[in-house]
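K.L.:
Sequence:
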Amino acid sequence: MILFLDFDGVLHPYPLGRAGKPLAALPRLWQILDAVPELSVVISSTWREEYSLAELAGWLTAGGGERFAARFIGVTPIMDSPDDYVPGIRQREIEAWLAAHHAADQPYVIVDDMEAYFDVSCKHLYLVDAATGLTPADADRIVARCATLKRNAS
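Residues in the sequence shown are numbered consecutively from 0, following numbering that gives the first Met the number 0.
Be a bit skeptical, because a hint or two may be false.
Pair ranges (Cβ atoms, derived) [to be verified]: (1) A68 to A23: 18 to 26 Å; (2) E48 to G87: 16 to 24 Å; (3) D118 to I77: 16 to 24 Å.
In case anyone wonders, no lab produced these hints; they're calculated from the structure. Please read these numbers as outputs of a predicted model, since none were measured by experiment. Glycine residues also receive a C-beta, built at the ideal position from the N, C-alpha and C atoms.
Could you build all of it, start to finish, from the sequences and the hints given here?
P.N.:
And the structure:
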């Protein structure tokens with residue numbers, strides 16, 4: 000099972016603001032990973048354009064999540080676009096990753112705050128409120144969605 004993960008608006012509010020702390024919602028990500036041991040993470044955030052998977056995984060596991068390091072398995076490809084707000088672009092990148100890794104039949108969930116990056120019909124998207132980032136209630140709902148995906152896959 001795969002979780003495609005955005006950062007801005009998911010792992011911290013977006014915009015961050017002066018009082019905000021980058022990656023403040025990491026404990027909620029770790030809560031999800033603890034609850035769903037078969038879940039691997041592919042980074043779909045634009046941060047993948049500036050940093051390596053090793054750097055990103057290091058930040059996502061530092062300070063208590065080190066046990067999850069091996070579960071960060073990749074980043075989605077970067078598709079050329081005239082700007083960041085091409086409708087459906089992130090969904091296309093995720094679909095390209097799934098095809099390249101022969102994982103199209105794998106159950107997956109996408110955690111993102113930008114609805115415009117996905118088709119209206121995208122049933123895999125779990126939309127987070129960018130103003131708050133990932134909340135404990137979001138984490139619980141994502142765990143429940145993963146449990147449903149697991150049941151449906153067996």
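K.L.:
Could you run down the list of hints and mark each one as holding or not?
P.N.:
These are the hints, each one checked on the structure:
1. A68 to A23: 18 to 26 Å: For A23 against A68, whose Cβ atoms are near 20 Å apart, the range 18 to 26 Å holds.
2. E48 to G87: 16 to 24 Å: holds (18 Å)
3. D118 to I77: 16 to 24 Å: holds (19 Å)
Hint compliance for this structure: no hint is broken.
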